[in-house]
Each structure stands twice: as structure tokens, then as C-alpha cells.
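Engineer: Residue numbers (the numbering used here), protein chains in the order written: chain A, 1 to 153; chain B, 1 to 501; chain C, 1 to 664; chain D, 1 to 335.
Among the clues, some could well be false.
[Said to hold, decoys possible] With the C-beta cut set under 7 Å, the calculated list includes, among others, these residues of chain C facing chain D:
| hint | residue |
| --- | --- |
| 1 | Cys600 |
| 2 | Thr602 |
| 3 | Ile604 |
| 4 | Leu606 |
| 5 | Pro608 |
[Claimed, not checked] List time: in silico SDA-like cross-link candidates among lysine to any residue, alpha-carbon distance up to 25 Å:
| hint | chain 1 | residue 1 | chain 2 | residue 2 |
| --- | --- | --- | --- | --- |
| 6 | D | Lys227 | D | Thr238 |
| 7 | A | Lys122 | A | Arg95 |
| 8 | C | Lys619 | D | Ser275 |
| 9 | D | Lys227 | A | Lys122 |
| 10 | A | Lys42 | C | Tyr48 |
| 11 | C | Lys644 | D | Val137 |
| 12 | C | Lys28 | A | Arg40 |
| 13 | A | Lys122 | C | Asp26 |
| 14 | A | Lys42 | C | Glu528 |
| 15 | D | Lys136 | B | Leu271 |
| 16 | C | Lys303 | C | Gln286 |
| 17 | D | Lys214 | C | Ser616 |
| 18 | A | Lys42 | C | Ala29 |
| 19 | C | Lys481 | C | Ser616 |
| 20 | C | Lys644 | D | Ser275 |
| 21 | D | Lys94 | D | Thr238 |
| 22 | B | Lys142 | D | Ser275 |
| 23 | A | Lys92 | D | Glu225 |
| 24 | B | Lys407 | A | Lys122 |
| 25 | C | Lys262 | C | Gly92 |
| 26 | B | Lys407 | D | Leu223 |
| 27 | D | Lys302 | C | Ile604 |
[What the hints assert, rightly or not] Footprint (simulated), chain D over chain A, 3 or more residues, beta carbon under 8 Å:
| hint | segment |
| --- | --- |
| 28 | 47-61 |
| 29 | 65-71 |
| 30 | 87-95 |
| 31 | 100-113 |
Rather than coming from a laboratory, the hints here were simulated on the basis of the structure. Backbone N, C-alpha and C define an ideal beta-carbon position, used for all residues, glycine too.
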Amino acid sequence: MPEKELESPRAVQNGFEPKIVAFFCNWCTYLAADLAGTSRIKYAPNIRVIRTMCSGRVDPQFVLEAFARGADGVLIGGCHPGDCHYQEGNYKTLRRVLGEMGIEDERFRLEWISASEAERLKVAVNDMVEKVRALGPLRLEIKAEHFPEEVAA
Amino acid sequence: MPETKDLRRRITIDPITRLEGHGKIEVFLNEHGSVERAFFQVPELRGFEKFAQGRPAEEMPQITSRICGVCPTAHHMASTKALDGLYRVTPPPAARKIRELFYSAFVTEDHALHVYFLGGPDFIVGPKAPAAERNVLGVIAKVGVEVGQKVIGMRRKLREIMTAIGGKAVHPVLGLPGGVAKHITPSEQEKIKQIAKEAVDFGSFTLETFNKLVLQNTEYVDLIRSDAFTHRTYYMGMVDEANLVNFYDGPVRVVTPEGKEWKKFAAEKYLDYIAEHVEPWSYVKFAYLKPLGWKGFTEGSESSVYCVAPLARLNTAEGMATPLAQEAYQQYFAALGGKPVHHTLANHWARVVELLYAAERLKELAEDPEITDSQIRTLPTEAPREGVGVVEAPRGTLIHHYQTDEKGIIQKANMIVATQNNAARIAMSVEKAAKGLISDGNVSEGILNMVEMAFRAYDPCHGCATHSLPGSMPLLVRVHDHRGDVQATLRRDWDGSIRRS
Amino acid sequence: MDARNGDRRIGVYVCHCGTNIAATVDVKAVAEYAAALPGVVVSREYKYMCSDPGQELIRQDIVEQKLNRVVVAACSPLLHEETFRGAVAKGGLNPFCFQMVNIREHDSWVHQDRQRATEKAIALVRAAIRRVALHKPLEKKRVSIHPDVLIVGGGIAGIHAALTLANAGKHVYLVEREPTIGGNMAKFDKTFPTLDCAACILTPKMTAVKKHPNITLWTLSEVTHVEGYVGNFEVAVTRKPRYINEELCVGCLECIEACVYKQAKVPDEFNLGLGKRRPIYISFPQAVPQIPVIDPETCIDFKSGRCKKTCIEACGDRHAVDLKQQPKQETIKVGAIILATGYQTFDARKVPDYGYGVYPNVYTAPEVERLINASGPTGGEVIMRDGRKPQSIGIIHCVGSRDENTNRWCSRVCCMYSLKLAHLLKERTGAEVYNFYIDMRAAGKAYEEFYHKLLEEGVHMIRSRVAEVTDWAMTPEEEGKLVMRAEDTLISFVRRVPVDMVVLSVGLVPHEDAQDVRRLFNISCSSEGWFLERHPKLAPVNTFTDGIFIAGACQAPKDIPDAVGQAGSAAAEAMVLIDTGYVEMEPNTAYILEEECSGCKTCIPLCPYSAITFLSDKKVAQINEVLCKGCGTCVAACPSGSIKQNLFEDEEILEEIQGVLANA
Amino acid sequence: MTEPAAVPKNPKPKVAFYWCASCGGCEETVLDLDERVLDVVVAVNIVFWPVALDFKRHHVEALPDGSVLAAFVNGAVRTTEQQEMAHLLRKKAKVLVALGSCAQLGGIPGLANLSSREGILQSSYCESPSTVNPEKVFPQTLYKENGQSVSLPGLFETVRSLDQVVDVDYYLPGCPPTPKLLWDAVHVLLGSELPPKGTVLAPDRALCEECPRKDTRPEKLTLKEFKRPQDVLIDEETCMLAQGVVCLGPATRSGCEALCPQGNMPCTGCFGPTSRVRDYGAKALSAISSIIDSNDPEEIEKIVQTVPDPVGTFYRYSLPSSLLRRRKLAPAAKL
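Looking at chain A on its own, in the form it has when it is part of the complex (with noise of 0.2 Å):
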């Protein structure tokens, strides 16, 4: 595979940056991000935004997939409760899941972010970039070929 000879060797002599998965809603908190961008407000660098129409789109086996495939941390981004429809009992029950499968309360967010707030996405961003930085890596796939090792000696 190309991507690994072009990973940058940076994450490893600057120590840990955190890879954060963002699933902004179209009408809100994407809309915020552009604002942000025309407004020239510097934040972390370690989010990677994918789009939904909605935040409600995001189904949990998008936040698991993002965890297993080796993601720090996963930040939902919607419209204000009331206006988007994203299931909070979803991100609610989903947390309580990931708290017992050893996932940390800080690796998943969800934050109500409208069209004009890209200050208040500049805070949540750089915010959960520092608290799971403090966490350090996620690490949760376990590779196949580390079974053998997994036995009982």
C-alpha cells in the first residue's frame, strides 16, 4: 500500500496526536467549520470531517467502525436539539456501551453546534483533542496474528 510509505513520521518524534473522527451535520455544524474557515479561527488539526445531511444520520456502527478502525476519538457535530433530529438516546445508550466495553467518556462526544458557532467548534475541537491526547492511544484492534501470543502460558 502507497499510505504507508507516505505516513509522515511526525506523530511519531512529536509523540502521540490523537486521529478524531467528526460527523458534522450538513445544515450546522459543517456550515460552523466553513465559518470558521472564512473567519481564519485556528484549531487542532487532528479532526477528520466527514459530512451527513444530518446528524441523525450517523448510525452507531459509524462511531464503532471509527473506534475499531483506530480512531482516538469520534465527535458528533449536530444542529440544536429541537432543530436536528439526531437521537440522543442513541449517543446516550451508545456511550454507556463504549464506557463498559473500556472506551473513555472523553473519546465521544457530541456536541450541538449551529450554522454561526465557529467559535464554540474551535473550543469543543481543541478541547477534545487535548482531553484524549491526556488519554493516549485507543488501540483497540487486536490483530489477528497476535493470537498465538494471546494463549496462556
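Based on the hints, put chains B, C and D in the right spot on chain A.
Structural biologist: Just chains B, C and D now, kept in the frame of chain A:
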């Protein structure tokens, strides 16, 4: 093999049968070629006790039934009773009866399975018969096709009852704290009555067949009585207030090798009487009588090894609660020289007696007018704390013990599975069989049969549902020299053919 | 990576956007990286992808390199997604076989570290490439447009938009919740900077509205429910009873005179409580419609039922007075909606230091507008609540504007109307007028000139934010006066200015029910509560909800010229929509796999647009694709994965997730 | 079936059975074919079935690769032995069938992934109240006693579903699968054309489809509280969810004919997800929590708390095959 050769070897019999994985026997011969040590191993652990933690108590009847797919009903019921205790609720009369009816259908079916499909072939067809015939097909050949159909049909009908009442025959969903999930409709009752009648006839028929084919054959009786299959141990089983065999409820009674009552205790007190011992060479834990302390794999009243299941239950009780079974019970002890009976192979006969009892009990309950009452639940009102549930699984006393928080979430779970009670005695039987039969390093097919029979008589949990279908249980003996190299392999295949390589 | 990319020929285009992107992101590295990924046959970087040559590049490659998928990494898709879909289509490829990556707003503009910004760009591009490989060709659905337009709010903006559309032959419903249209402008006396009389320029437009055959005017009415989507809105309007039949009334106003209340007792809303009216009244002489309204709160007949009903007598055989009138529900279909709901003024009580509501002679600017208005409660004479004429007047700017404690925004109009009021007050009373300002903001045609005119008139300008208004006299000449304490920041000297009258130039704030209105029409608000435009520069009258436009001060504080200008362009936008005759719907709707749906009904209550119904015959759910807005909530919730969403299929999003994390 | 396998008169298709970490319930299903069992026995030549016959590993090794028509493997993979057997059978069988929830999804034994191997050994051999083990003796993979050594298979830290160990061709869902499904599967596999690889041999709709209670669920069902079965008298006709009882039917593949609801208890999801779902628990989770009736975060939290054990509820049978697969191990236990 030259005379002068050092005969120190290892014999591996693997797998013999399966309890949570295959059972495995390692036999070590000394330089004279006689057995020095035999290990009976259980090579897997699941850890239900651990992952029960954090689960809601009410889910345990369904989760723990997955310990065993052959006797899920036993675990389901022990667990459900533990929940009654946990929430301190008493099921309404109808619910209690539905549970016992359900359970009786299960015991009838499960015993029938073993008598005809598993243990049966050894006797009905005969231990000396060509192995190729020693399977359910052989049984059918011997007793006739229509009988064969009858056996299979009977099992099917009993499983139908279980499905109707419990949702599923394997891993039922019947049990709730303080009752059962579903009531029995009058039309269902009629159906059950009908099947129950057939079951009783079937029980009597089975007893006759057994008498005819086994007991009137002195060879068999001698075999049952032979020393190779005899251990003088304590016996444990559940009894009702009249000390009669009961599968569903009652105190646990323990008798000494001499047959005297040693202790009689309520399930809640099991920790005072039962303890488990760990050996580094097996994943199974060996239960023993706690007050006596672990004395190793020994017999006699000094030993703390005890035995459960049909043989033990009959030894423990003073009779059966139903007429036909009571008759059979007396006949059984008369024929085997009084109580207690120490012969492992007598398990098969005892099982037939119990089959009859279970069928009769099923009939009684099916005919009980109250069984269709729709009042089947007592809703818990008290905060859960701790509960112990015990039943007699076909394979012996089964105990579930839960502690929860005030929300009813399991904090600690402990289970003593039927076969664990027998684990020590099984290990002894295996070693004794091996010691008695292997000398001068000669390993013959006989050994394999005998060891197999000794083992199978217990019908260990996961009693290898299809053990003998088709063919009798095949075995492998690898003969190693003292360097551990394979020197010879002796195999009896599923089709009974013997090969040496 | 993925077999599915096997038959894919992907073109990747990384935009420099001049230096906007290239300065922070190593676009060359990104393009090179992309070139090496499976399925990618072309990977280019270019100065301006959105330029004609940039788009031509894509078209050419599609033709020559037989591309079947395209990725463009540039600015926000909300800006140029359509542009590039167009370019892709020009190349003969389905426009949805395309994915846009936002490496400007979401990357180069918000990060400084070049290497990490580049890594981020690489991750996003990798994800887009993997995603686009799964894209399916899609068709936009055409929906015809209903030609009528609803305008909410009958202020100057609403009026102007209504007339513009009506003159262009469109039928307009103009809904106003007050008894008359005219809004705030109708309350003004003169307008800055030209000082022409508000009534003179407004009332002709108001009557034009009333007369116009293409305008249905509903006053005392409110929109209560909105359903549907662009081109096909269904709107419910509640018309409150006026108790005068509009069809029968000829506006002779005799009923008012005939009221058993010989003189007016009720505080008059239109005059902000400065004057009085009868229970049956007309807001102001030029009110449109010229039809009285009965206020059931104060009318004796409504309270006791024992009124002589002189109004009914007065009306005689016209029988226009109808005390039994009930609220009326109207349901209308419209293709477009213009919101021109305006603003309200800042509540001066929130700044207690200025003593509004405490000292009777502290007024707000709107009150003064009425006070000096010829048709106002005092007939245009400036008489204070204590009956005196002011000798000296202090005007405080920026009350409720540019203030950390209240509102941070500049209300834009206060400076100018303060000057206007200064001029008018001086003119009417000859009093000394002091303007306390923070900065003088006179940007606008002839505004600065107007400011200088005022300076010449000898109005005192004090650069200062007033600390407090008090009646605590410290010197004899302060006795019986209101003392304004303020630091003159030009001479940095604290002054105490005693005056008779204080005028608070209150700022503009969103209506307190703006949030409800916004939810009703499903549009967004800025955090301050102003309605949010789709783009601050390029789409100032559009909202994020297609077919709904905004005009006037509901979007942000603005003066009359701006409000009218914006109203015009909102009308134009609506016309474009209607004259096109149809709209193309984004194809990103959800659909249910009928063969797979188990009919569990989980999705039905979740749909915010009630687009899901249960087919009782087939026992499965079904989505109405025109009602579906593509939010995808049902897709995420469907427990058996039997609902899919075009452009946002599970597989596409999962591929994107894996893409951004491929190096994790 | 009664002649030696070595010299078959007319070669019948070879079939193998094996069980890994399972309860034997799947074997019971074979027996529950009842009279049809005999037909199966006649139709095929069973060459490996540890519960019934002992061809040891090396006998299977001796078989030519791909010479076995179908190998049915049930149970999750927990021990080195099970892993080795899975690989071996894969090699020998044309078609490998994961039989039952444990093989398909990890099953109930997969709940062990909520704790570490260490935790399980501790609770079994030390913490259990009935266990007397002062010297803290644990079973050893290799145990030596005066020159004699016996071995036990090693336990993996993580329980896995069969397809996480070897390539699986077909799946037969259920805990256990119903005899009907097994019977149909046998027919399919003996038949001429095989379904596409990876097919789950059961209907691909959710359980509500075949639930007798389906019509009693209101179109707009929202809940303020979930009830635990012991706290409510469950009506025998009405939709479980409509009664506030957590039922996973909407997320669970059909094929069992709604046995549990017919036993008046809710579906717990043993048939796993439909072919369109990657993570069963995630979907079960949205099936349940998206009917919560509130917009107030605190109230929602309260309602959510009325599901006492989300992981155990939504992942009861599928933890190993879930996207996360196991509880994150404490760094100490990490590799």
C-alpha cells in the same frame, strides 16, 4: 515387543467424550507395564461465573442454560429457582406445577435419550456384540423397527410439549422470578395429558425391555456387579419431605457409603457441605464434601468423594413418589443386594426407574385441573439480594447461586454443575478401569470398551448427545515409549473396526 | 485497498485556490499521494479549479482518460459542489460520480502547521477517493413550482417585496399580525438623511398593496403551520377576528365616534402607550386597511354583554360590525416564502443606570418618534410626561448596542436616527441638544453630510458612553433636572450635563419569538437570533431551506434603503424560482427496500417530515421521496438495515471512515 | 452406515462435524430432526464427529484436501486446539458451515470478551465461594509430575467467531438453529447449485416479519420507560415493545418463527443481524433507543438507564463478531 524392553509408556485416550470440550485420558505405565497413574482431563473453561457479572439476574435462566445444550432445562430451572430466592417470591401454585410438569417432560425425554441412544446399546445390544451394531440402529434391529420409531416418536412428542410450554426445547424461555412466562391453555392440557399417558406406557415398556434384555442375562448382571465398576463413596441427591426422589424441589440429602443419612440440608446451605478442589492438569473442578476435607481420589467413608445422578439419587432416597416407579425401585435394590448400590453401571437401571417416575409425575401434573390456571406470576416487591436454586439434573444435583445489587444486577455467581459432583468419581472410575484392565502393557479393545462404559455410565453433562450415533464410541490408544515417541496406535473406529498401526 | 476500485478510473484534482490553499497545504504532495492510490488514473494540482480552464481540465480528462469518477479537493462543497458537478456533467459523466473535498475552509484556513495540514488533506482526499469509487449515477428529480408567494410581515420590506412580485404578475399573500401594515416605518415622523416624511413615502405603497389585484392582504393574521418543500409549501394561516367585516366596511370610521366611550381610555399600542384610544379604534389615520378593529379585552360588550352597541347602530344597514366574528383558518399553497418579520427595539429597562421607567422624562427613541409625529398623541408637539416642554435634551447612543452586557452588535441605524431626532427636537423645541456617542457611524449615501449639517446646527456632540442618568442634584442649576454623568473621552474629563429630557437611542434586536418563527419555517438563526442567510455575501437573501427567503431587519439591523433593496432581491429570487417553473431536488433521499423491510415501524415516528407511511396491505413502510429531506435519520435507525440513502449509503460512509483512518 | 468407512460400497458425500466452545445445543438440533436423523445418516458418510466418533486430528489430516463435502462447525473459538481444528477442517472441506450463534457470532461464550482471561481464571479457581484453593493452583497448559507431563489446550485472551479464524462459506444462525433450518440447509448443500458464498441460510428480513404480534405494534410507538420482564405481566398477544419490554425482534434475522415471543418472552437476538448490518448490537441499540420519547437530555438519560445492561442486552450473542470484539484490555494485559 521384546521381553527385556522397559515397558514404561504413556497411553493417550483422546477424546473419550466431551464436557465443555473433549474429555481426555492420559495413562502412564510403569516399567512393568502396569498403570502407575491415569489422568482424566477436561480441556476447556468458559467462565460463566465471570461473565454473569453485570448481567441482570432475570437473564440468568436464559444465559446459564447455554452452559449445556443437552440439559439446558436443568440450568434454566435451577437458575429460575435461584431468582425466586433472590427476589423472595413464591410462584403461584399453577406456576410451580407448570415448572415441574415442564421439568418432568424434560427428564423423561433426556433419560429416554440416554437409555436408548447412548448407554442403551451397551446392554440392549450387549457389550460383546460387534461394535458395528452397538448403536441406536442396533437397538432398533434388536427390539424392532416399530419400537425404534416409538422411541424417536416419544422423544419428539415430549419435545413438542416443552416447545409449547417453554418456547424452545433447547434453551427455553419459561422461567421468571415468581412464576412462568406463559400459562397452559385447556387445549394444550388435553394434548399434554395424551402424551403423558403414552409416556407412562413408554416408561413401563422400557422397564420391561430392560428386564428382558438385561436383567435376565446373568452376564450383564455380573458385569454390573464386577469390582472394576464399583466405588464405595458418599451419595447425594434431592428428596421430598418424605425422603422420596424429587427432581424439582426439596432438601439435598447425603448418605454415607453404608447408606446412612449423613446430612440433609436446604439448598441455601450448600456452601457448608460442598467445596471444590482444583488440579493443575484439568480445567474441571472436583467437588467434595466440605466437612470431610479433600482427601484425594479415594473411596470409603474417610474420603470426601461423593456421587450424584440416578445411582446416587436412588441410594439417597427411601423410595419413589409414584406407584409403578416405587415397584421398580424395590425390584432394583432387591436384585442388586440392597442399599446402597455402589456399582457405577447400575446407573443405567436406576435411570430407567427414574424415567418411569418422571413419566408418572408428568401424567399427575397434566391431569391436575389447576395446571391451566392463568394466575402464573407473583411480581417481585422486595429488593433482590441473594438466591440459591437447586434441581436434580438428569446427571445429578445442580446448584446455582447469585448475589446482586439492589437493582438486581449480578455481582457474583457460582454454579456447581452436576458433572462436577461426579468429576472425582469419574476420574477414579477411569483410573480403576485402566488399572484393572491394563497389565504388562497389553492394551486390547476390551480396555477401550470397559473404560468407555465406565465413563459413559455417568452420562456426563454434554453427555455426548449422539455418542453412539452411528457406531459405538470410537477410541484411540497411542502407545508411547518412555521417550514419548509413538510406538503403536490402536484404534477402534466409529464403525467398530479395529486397526493397529 | 479494495476490489471494488478495480473497474474505477478516478481523476483527482487538487486546487491551490491561488495561495489560499497552497500556502498551508502542500498541494503537490497531496496530488502525488493521490496518484499512487488504487483506481486513480489522473491526479493533478491546478491554480484555480473553479475557473473555466480548471473545469475544462476535468472535462477533457473525462473524455480522454475515460474517467468514471472524479474527486476535487478545493473549497467547501457548499460553495462549488454544483460548479464541479456541472463540469463533470459536461464531460458526459453523471454529476453524482463526483466527490468534493474541503481542504480550504476545513484545512488550509484553520491550520498553520504545513505538514499536518497536508497530512489532513491527504487523509480527506484518500477518504473521498475510496468513497467516490462506490458512488452510483443518480438523477435529480424535477418538481413543479406553485406560482404563488407568501410574504410574512407587512413592514416596508414586506410591502416592497409584495408590490414587486405583484407588479410582475405573481399572486402574493401578505400576512401581517398587527391590525395594519406599515410596520415600524409607519411610526416614524421623518426619515434620515433626506428628512422626507415617512408617511408621505410609505402610505402610497400601503394603499397600493390594498388595491393591488394580485395581493391578498391578511392583517391580524399569523402563520401557524408550514408543511411541504420548495415550490410546494402548504401553509396554515390563522386570521384573528377584527369584529368588523372587512368586505362590508367602507372605512367611514363613524362606529369609532359612536363608541359608548366618549373619550379614549385605553393606552394606545401604536403610540407606544403615550396616547389613548377607544376599544374600537384604528391604529393611525392612514392605516391599511382603513378598517377599525375592536379590542375584546376592553370592549364593554365582550366583558359584560351589556353595551348599547352604539357602534352597530352607527354602522346602520351596512352591518359591518360583527361582534360574533370567530378566528378563521386559511390554508394556502405557495411556491416560495419571503420572511420580512422585522425587528423589535431593545428594552431600555435592561440598562437601569439610564432610569427608563424610573424618571418619567427618560424616553426611548421610538417614543420620541411618536411624540414629534404630527399624527402622534400630541399632534407633533414635544410635551413631556410632566407636561413641560424640554429646554435641554440629552440623547444617548448605543443603548443595547455595542455593549458587552447587552448586545455586542452595532444596530447601524441609531447614529443616524439620533441625529435625525436631534435635528427634529431642536427644530420643534429650540432646546439644547446633547448627543452622547461612542463613535459616529455615518457610512451611507449622504449620511456623513447629514452629520456635518447637524454639527452646523449647533447640536452638541459628546464622545462618551454615559455612566448614569440621575435626578440627584449636586448644584443649584441641577435642581429638578436629569443629570447625565459621562466622561468626555476627547478631553478625558468627567462631565455632569443637566437636562430636562433624556432620549435613549435603543438598538435593534430580533423579535422575542424569532426562534419560534425560525422553527416554524425550518430555517437557521445566528447565535444572536437574526435569521441566517445562506451566504453572507453571495446569497444574502437565501436561507438554507430552499424556497424560503429573508428580507429586511429580520436578517440583521438595517435602515430603510437596505431593507427595501434586500426586499427587492428577495422578490427577484422568488421570481426566478417561480418562472423556472420547476426545481430539481437533491437526489439524496432515503428509500426502503420493500423486500427486506420487516414492517417493524421503528422508522415511522422518527421522520421529522412525516414522510414515512405504513402500507397496511404489504405490511411494510414506505418513504414519500418528495417529502423526504434526506436527513437520513431513518436510515441510521432502521434496525434491519433495510433503508438506504442515495449519496449517503452505509457503504459509502463506512468507506470514508476507513479512508480517513487508513494510516491510523 | 454400518460398514467400515475404509471400504465404502458406494461412496457417499463425506460430512464432518466439530464443536468448539459451545454447549451441545446444536447437536441437539441434529437429534431434533427426529425420524429424519436416520435419513441423514443414510444419505451421508460422517467421517468426523468427536462427540460420536474419534477420528483424531491425524485421521482428518490423512484425508485429501477438499475431500469432505461439508464440515459443520459449531461453537466459538476459545482454545488453541479449537483454532487448529478449524484450520484443518477448512483445508479438508469444500464447504465450511458455521453452525449456530457461537460459530457465527461468538455466542454466549463470547460474553467472556467482557473480561480478561486472567479475570475468568481468577473467578473460577479463586473467587468462587465454593472453591477451596489456598495455594492458588491454576490449570496449566503443560503440567509435569515426577517425569510425567500432561498438557491442556491454551485459552485465548479473546473469544472469536469461526470466520475470524478461518474462511467460512455458509452460516446457520440460531441458538440453536431450528431443525427446520438445519434440514433445509442439508438439502441445499446436497443440492446441485450452492448459494453465494457467505450466505446466511435463513430469511433476510427481521423477526417482526414473522412475529404473530406484529400487527399490535402502533405506528408511532415511543416510550418513557423500558420495563424488565419480572416487573410486568406480559400480555400474550401484544407486541413486546408496545408493552415496554425490550424486544430485539426488529433488529434480528427471522427464521425461528418467533419462538421466544410465542413463549411470551421477548426476542434476545440469537439469530443475529440481517445481511445488511455489520454490527448487530449497534442496530439493536438504535432499534431500542430511537423509540425513546423525550427531547430533554436528563429525561432521556433516565429512560436510557431503564435498560440495565446495554452490552449484555444488545451484544448477548454477538460480542466477538462486533466491530469492537471485546472489552479494551487494561494496558497491563495489552500485547
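Engineer: Each of the hints needs a verdict: does it hold here or not?
Structural biologist: Results of checking the hints against the structure:
no., hint, in the structure
1, Cys600, "4 Å, holds"
2, Thr602, "5 Å, holds"
3, Ile604, "5 Å, holds"
4, Leu606, "6 Å, holds"
5, Pro608, "12 Å, violated"
6, D/Lys227 <-> D/Thr238, "15 Å, holds"
7, A/Lys122 <-> A/Arg95, "23 Å, holds"
8, C/Lys619 <-> D/Ser275, "21 Å, holds"
9, D/Lys227 <-> A/Lys122, "41 Å, violated"
10, A/Lys42 <-> C/Tyr48, "24 Å, holds"
11, C/Lys644 <-> D/Val137, "55 Å, violated"
12, C/Lys28 <-> A/Arg40, "23 Å, holds"
13, A/Lys122 <-> C/Asp26, "23 Å, holds"
14, A/Lys42 <-> C/Glu528, "22 Å, holds"
15, D/Lys136 <-> B/Leu271, "19 Å, holds"
16, C/Lys303 <-> C/Gln286, "29 Å, violated"
17, D/Lys214 <-> C/Ser616, "12 Å, holds"
18, A/Lys42 <-> C/Ala29, "23 Å, holds"
19, C/Lys481 <-> C/Ser616, "79 Å, violated"
20, C/Lys644 <-> D/Ser275, "14 Å, holds"
21, D/Lys94 <-> D/Thr238, "46 Å, violated"
22, B/Lys142 <-> D/Ser275, "49 Å, violated"
23, A/Lys92 <-> D/Glu225, "15 Å, holds"
24, B/Lys407 <-> A/Lys122, "41 Å, violated"
25, C/Lys262 <-> C/Gly92, "79 Å, violated"
26, B/Lys407 <-> D/Leu223, "21 Å, holds"
27, D/Lys302 <-> C/Ile604, "24 Å, holds"
28, 47-61, "holds (count 3)"
29, 65-71, "holds (count 3)"
30, 87-95, "holds (count 7)"
31, 100-113, "holds (count 4)"
The earlier numbered hints that this structure contradicts are 5, 9, 11, 16, 19, 21, 22, 24 and 25.
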